[in-house]
Amino acid sequence: MKLHFPNSAFLGNIDSFLRSIETQDDQTLEVTFNKHWMSLHPVVLCMAYSLAIQAKQQHGKIHSEPLEAVSKHYLERMGLLQALSMETGHIQAHESSGRFIPLTQIYDSDQLGNFITEMIPLLHTPPNQADPIKYVVSELVRNVFEHADSPIGGIVCAQFFKKSNRVSIGVVDRGNGILKSIQRSHLVDTDTEAIRLALTPGVTGLTSNVGGAELNAGAGLFFIKSIAKINRDFFLLYSGSTMYKLLKTPQTKPAKLFSSPLDDKHSFVEQLPYWKGTVVGIDLSLERTQSFDSLLDLIRGVYRLDIKEKGKEKFKQARFI
Amino acid sequence: MKHAIKVFPRTGKFAENKDAAREIRLNDILPALEEGKEVILDFQGVDSTTQSFIHALISDVIRNKGIQILDHIFFKNCNTVVQKIIKIVVDYMQDVT
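Which chain is which? The protein sequence lines are R and L, in order. Residue numbers for the first sequence, in numbering that gives the first Met the number 0: 0 to 320. Residue numbers for the second sequence, in numbering that gives the first Met the number 0: 0 to 96.
By construction, these hints were calculated from the structure, which means they are not laboratory data. Do not take every clue at face value.
[Stated by the list, open to error] Straight-line C-alpha distance at most 30 Å; calculated DSSO-like pairs for lysine-lysine:
hint	chain 1	residue 1	chain 2	residue 2
1	R	Lys-179	L	Lys-36
2	L	Lys-75	R	Lys-252
3	R	Lys-255	R	Lys-161
4	R	Lys-161	R	Lys-247
5	L	Lys-1	L	Lys-36
6	L	Lys-64	R	Lys-255
7	L	Lys-83	R	Lys-264
8	L	Lys-36	L	Lys-64
9	L	Lys-64	R	Lys-315
10	L	Lys-1	R	Lys-315
11	R	Lys-161	L	Lys-1
12	L	Lys-5	R	Lys-255
13	R	Lys-275	L	Lys-83
14	L	Lys-36	L	Lys-5
15	R	Lys-275	R	Lys-162
16	L	Lys-83	R	Lys-247
17	R	Lys-161	L	Lys-5
[To be verified] Quick look at which bits of chain R chain L covers, simulated, 3 or more residues with Cβ under 8 Å:
hint	stretch
18	122-135
19	174-183
20	216-223
[As the list claims (entries may be wrong)] So these bits of chain L aren't anywhere near chain R, every CB distance computed over 12 Å:
hint	residue
21	Gly-11
22	Ala-19
23	Ala-20
24	Arg-21
25	Leu-25
26	Glu-33
27	Glu-34
28	Asp-46
29	Arg-62
30	Asn-78
Ideal placement from N, C-alpha and C gives every residue a C-beta, glycine not left out.
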């Protein structure tokens with residue numbers, strides 16, 4: 000496996016980074032860095048961390064060239080250099096509060112609960128901004144537990160970018176991937192089609208039944224894409240050889256929700272290096288974060304439209320007291 | 000006869016643990032309904048939840064007993080976010096019954 004950390008890799012320009020990685024040979028990882036300066040989305044760090052862990056699990060080798068770029072401090076604080084078995088030296092610690100959530104490996108439900116509890120104070124966000132962040136992390140990591148069978152669990156990290164006032168989150172696993180997961184209940188034979196189904200509300204790999212299974216409705220990724228869409232942010236889903244990217248909705252256009260991911264402004268990139276597992280990256284711009292409950296109204300609108308189209312006019316309502 | 004179930008002690012402020020939801024459903028909601036009781040799910044203290052949690056809590060009850068079972072389930076002390084997520088789950092479960 001080979002990874003080169005470029006000068007810049009965010010969701011908007013991540014394509015060339017993804018094209019450059021080499022994922023063959025699970026036991027050897029070679030890492031090189033831009034010599035001067037690196038600015039990276041957390042999802043890139045999650046990917047590198049997951050490959051490093053996997054190489055170690057298989058008693059493989061990690062070769063990292065000496066890191067000269069000024070971003071060394073950042074990569075150390077995020078926990079990447081340790082994972083790459085690189086010497087970290089004596090670097091003065093930065094204040095972590097309000098800046099980032101370091102790379103964390105999560106294996107089970109209790110660990111996830113603790114992680115979410117500890118995560119929010121680190122980001123120093125008010126409750127209205129914390130709600131979508133908690134939501135995204137919970138749903139994505141639970142997807143790993145339920146669908147991925149990932150030998151390294153889920154890898155998570157996040158970063159608050161002060162200049163753009165946004166939180167970027169990455170969640171990565173090295174499990175089954177979306178195609179294999181969806182194939183358990185649906186006839187599909189390409190990564191692209193599997194990703195399309197995974198982003199469609201009501202489709203889950205656990206059953207082909209309407210309404211999902213006992214513990215899964217097939218709505219998690221749709222909700223998360225919707226959070227990004229309404230806030231006019233990027234959302235990326237990469238699995239197998241295909242990447243789906245929700246592109247930013249311009250301020251001049253209304254941000255509408257659609258049940259089909261193909262109706263959103265998006266790009267599909269196929270024939271990328273094969274990623275065993277799933278990679279999810281999302282940006283959440285805090286200054287234009289639409290209130291979480293108004294987002295829920297819009298999501299509900301998509302479902303109600305769907306039900307109306309199926310000719311069901313009478314709704315049974317939940318009773319609140 | 001009513002059977003009140005407090006959610007917060009089982010989940011904390013952010014109700015997202017689907018294993019906890021499943022336990023509440025299997026150990027509290029279903030037995031109470033089987034006994035002919037009305038169920039009150041009390042969300043006092045819960046600030047937020049996920050669609051997955053609410054799905055794991057009630058979807059299988061609706062699937063197995065029909066949508067009319069909602070006449071016997073009451074959702075108490077839900078803030079706006081919790082209410083809206085419950086409504087979404089109830090909406091899409093209409094398709095199943």
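Okay, the hints, checked on the actual structure:
1. R/Lys-179 with L/Lys-36: 43 Å, violated
2. L/Lys-75 with R/Lys-252: 39 Å, violated
3. R/Lys-255 with R/Lys-161: The given pair, whose Cα atoms are some 27 Å apart, holds under the 30 Å limit.
4. R/Lys-161 with R/Lys-247: Given that 30 Å is the threshold and the Cα spacing comes to 19 Å, the pair holds.
5. L/Lys-1 with L/Lys-36: Holds, at about 5 Å.
6. L/Lys-64 with R/Lys-255: 35 Å, violated
7. L/Lys-83 with R/Lys-264: Satisfied, since the Cα-Cα distance of roughly 27 Å is no more than 30 Å.
8. L/Lys-36 with L/Lys-64: 14 Å, holds
9. L/Lys-64 with R/Lys-315: 14 Å, holds
10. L/Lys-1 with R/Lys-315: Between L/Lys-1 and R/Lys-315 the Cα gap is close to 21 Å, so the pair holds against 30 Å.
11. R/Lys-161 with L/Lys-1: 51 Å, violated
12. L/Lys-5 with R/Lys-255: 36 Å, violated
13. R/Lys-275 with L/Lys-83: Violated, at about 36 Å.
14. L/Lys-36 with L/Lys-5: 16 Å, holds
15. R/Lys-275 with R/Lys-162: Not satisfied, since the Cα-Cα distance of roughly 34 Å exceeds 30 Å.
16. L/Lys-83 with R/Lys-247: 26 Å, holds
17. R/Lys-161 with L/Lys-5: 39 Å, violated
18. 122-135: Satisfied; 4 residues make the cut.
19. 174-183: violated (count 0)
20. 216-223: Since 4 is at least three, the answer is holds.
21. Gly-11: The assertion about L/Gly-11 is violated, with a minimum of 7 Å to chain R.
22. Ala-19: Given a closest Cβ separation of 9 Å, the condition is violated.
23. Ala-20: 8 Å, violated
24. Arg-21: 6 Å, violated
25. Leu-25: Non-interface label on L/Leu-25 violated, nearest chain R Cβ at 10 Å vs cutoff 12 Å.
26. Glu-33: About 17 Å separates L/Glu-33 from the closest Cβ of chain R, which puts it past 12 Å; holds.
27. Glu-34: Check passes; 19 Å lies beyond 12 Å.
28. Asp-46: Given that some Cβ of chain R is not farther than 12 Å from that of L/Asp-46, nearest at about 7 Å, it is violated.
29. Arg-62: Given that some Cβ of chain R is not farther than 12 Å from that of L/Arg-62, nearest at about 6 Å, it is violated.
30. Asn-78: 9 Å, violated
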